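**Student:** Chains as they are written, first to last, in the working numbering: chain A, 1 to 314; chain B, 1 to 314; chain C, 1 to 314.
Here are the simulated DSSO-like pairs of lysine-lysine, each with C-alpha atoms no more than 27 Å apart in a straight line: (1) C:Lys105 <-> A:Lys105; (2) A:Lys105 <-> B:Lys202; (3) B:Lys203 <-> B:Lys214.
It is worth saying that the hints were derived from the structure and are not from the lab. Just so you know, these numbers come straight off a predicted model, no measurement behind them.
As a plain string of letters, each chain reads:
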Amino acid sequence: MLRFIFFLMCLLQLRHTTLGVVGAVTPKPIIINGTYINPELGKYHARLRVLARSCRDIKEIHGASQDGMYILTTESGTYYQTFCDMTTAGGGWTLVASVHENNIKGKCSLGDRWSSQQGNDPDLPEGDGTWANTVTFGSAEASTSDDYKNPGYYDISAQDVSVWHVPNNEQLTSWTSSAVLRYHTDSQFLTEHGGNLYHLFKKYPVKFGAGQCKSDMGPSSPVVYDTGDKDSTANLYGPPVGKEFESGFITFRVFNADQAAMAMCSGVKPTECNPQHYCIGGGYFSGRQQCGDFTALEQASKNLTQSAVLLFYR
Amino acid sequence: MLRFIFFLMCLLQLRHTTLGVVGAVTPKPIIINGTYINPELGKYHARLRVLARSCRDIKEIHGASQDGMYILTTESGTYYQTFCDMTTAGGGWTLVASVHENNIKGKCSLGDRWSSQQGNDPDLPEGDGTWANTVTFGSAEASTSDDYKNPGYYDISAQDVSVWHVPNNEQLTSWTSSAVLRYHTDSQFLTEHGGNLYHLFKKYPVKFGAGQCKSDMGPSSPVVYDTGDKDSTANLYGPPVGKEFESGFITFRVFNADQAAMAMCSGVKPTECNPQHYCIGGGYFSGRQQCGDFTALEQASKNLTQSAVLLFYR
Amino acid sequence: MLRFIFFLMCLLQLRHTTLGVVGAVTPKPIIINGTYINPELGKYHARLRVLARSCRDIKEIHGASQDGMYILTTESGTYYQTFCDMTTAGGGWTLVASVHENNIKGKCSLGDRWSSQQGNDPDLPEGDGTWANTVTFGSAEASTSDDYKNPGYYDISAQDVSVWHVPNNEQLTSWTSSAVLRYHTDSQFLTEHGGNLYHLFKKYPVKFGAGQCKSDMGPSSPVVYDTGDKDSTANLYGPPVGKEFESGFITFRVFNADQAAMAMCSGVKPTECNPQHYCIGGGYFSGRQQCGDFTALEQASKNLTQSAVLLFYR
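Looking at chain A on its own, in the form it has when it is part of the complex (with noise of 0.2 Å):
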């Protein structure tokens, strides 16, 4: 009885001190009964429990195992929501970047920020900068329909990468079913090369004139197929291109025969040396016409090119 008194008086002080407010200083009970008056702010709270550096801490350190949305924090305390893959191969995959080409015939043209939206310049030999900077843009809702970055793309302290091809305006909850190609490493070759893309990328620039075809290509690393195999890949970027690389890699940073830096073979490694027909992103091309987000792959099938190339981290 003396039990149910105290838990009554102090279930009363907490209906009048706890977070909620209507006015200004004064504050307002957010939950009767153990149970929250508002759910929308239950569901918030919820989100902020397993508040961490990336999905991957949220489902191995917090337990939380269902795909969506979540919030994240940078080592610096910078707060940002993003997309939670819990679901393929274990989970813990974190939505970090999106390439989205808006306008395949526009050479690096307005929103072709993973290569240049200043013109196809000389001056600019790694064009924007933009794998290898912090600047972001976009949201994760609209990754199918624009260009996107977060900062876990420079923060996350990861091992290996997913990679997703989802068509065009694709609404998140349709993704993974309508997914062209989808595949993971679990080399953990990020380990070696500053645990991210950001990293990775001050290590070896996306920068014309930096190296040479073949003798200067970047890390590669074998992938495992969560949607699609190695026919399936080669495919996507059409017969014409089918001998120029092997199937079933994920490569970064490569140059072609003019030294034209490429920052990734999404699901190839080159074996010749024009990538610009199936790797993307980029800097300054002597060539105008392989400027853009999706460099020179008008050869590839629509389902790739008219895709949104979506990047996680675990």
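Please build the complex by placing chains B and C on the supplied structure of chain A, with the hints as guidance.
**Tutor:** Just chains B and C now, kept in the frame of chain A:
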């Protein structure tokens, strides 16, 4: 007396276990004697307590009735801030977007997010596709100085729209008093078109060549005026075009004689085939001088062309 | 003993009624034994506890004294994050903006948000109008790689400014040590111009033709150096222009001989009529090659032109 002791002790606990902290892990009190130590935190918690999917829910479910900035959430859990009009015609209106013309002579150039920022390009019949995608930009506080679109545009399930034409660069506190035109619908027309403009424009694409003038006009609803009337509406668009529309409506997705699509005719319903002189937004135009957020409105009054068009849902 | 029982029971209640939840509506404990279960949540709550309108308030009212990211609010209740310098000359400095030149040869092109991104256009005498509007962009963590402007720019009521010239792409933790020039005012000059630069530039428009060189110069204040001195300031701008200004000041809104307006002369006060060689920001220029965030600073040292200009208020 016993009650008082309980009170003190519970409070004590609370002071050491609730919210705030100075270091990383030791909680510190945020409330003393039932009052927030930091009034700004009190205001923030007041906003969180009424967290909801729309300003309508904030008003109807949680009882908040003051105009101003609130925190909203999408279904998937993206948090954002925007302005709620809690006054007009019962209140509960969420600001979801603004169409701002930064340069009436700039034809589908930078800043024309509601048409095309990439020039007038026949390869982009829908322009940037903003009316029917989830891309977001701008901020509520700058919505009279820049284009604005928040997640509510595609997430909220609404029945009606409210539109304010507010002079460029006006600050939030002066929007209502300075507006040159304000009206809302009460026909609940959005209900049959998916509950918001995102879904409406999926159904009625703002796309060159997707239809004909008159025969393929999208939904139109009568409006109730909050500032201005039918005559002042016609005056804003200027005498030359006054016979080409009927005032007292809002109309979506119309075509001109050349099959160019426009997204919205604010305050009017076209009766002829030159809507480019009084409708806004759009995709590709066969005539370049018509392309732009404010299309070919050069002959409208400056009161109209130098005002941003703010869009609310309820 | 009784006290101990009370303690336990209150704690118990608390563990079932405070913040965190897993599902939507059932609260879960966030604190055990006076310690946050999730230290990142503890840090977040520590930031919220000192929520304020400016870094000055965070320091003076709430006693936080560590450099780093904090959460601020505007008067109308827009929440945002930025960097607080709690060290320099007593601390309490809020980072509100950075002027970053992404392409010194790009003349009022993309990325020139503090002049014009729409070319050098006589129809836009104020350019994009950024100095005197509420448009915001960028992020604190990327303010050495991109333009930055947060709501504090127009919301905070301040007395003085602090300016840091930090090499492009430097990360937050290295800003102080790598800066090529740092200084602040202590004249409280902002007080008589509305309390911030937004209001100052409403009073002194950065607008072509709005005044004459010398006679219409805006406010100028002597500065106190934190890194560098008068001589190093002059050296940064280069020998050719050293006789055209006096070092040891910060000056706002100046005109050149052609009536072109510039927004800010960092570290100097013009004595002649060619400020385009050492002042930044602006609107329309009669000579196109002068238009840009960094105007016509090509002859300045690379230490200067390849550094972002970070603006703080106190």
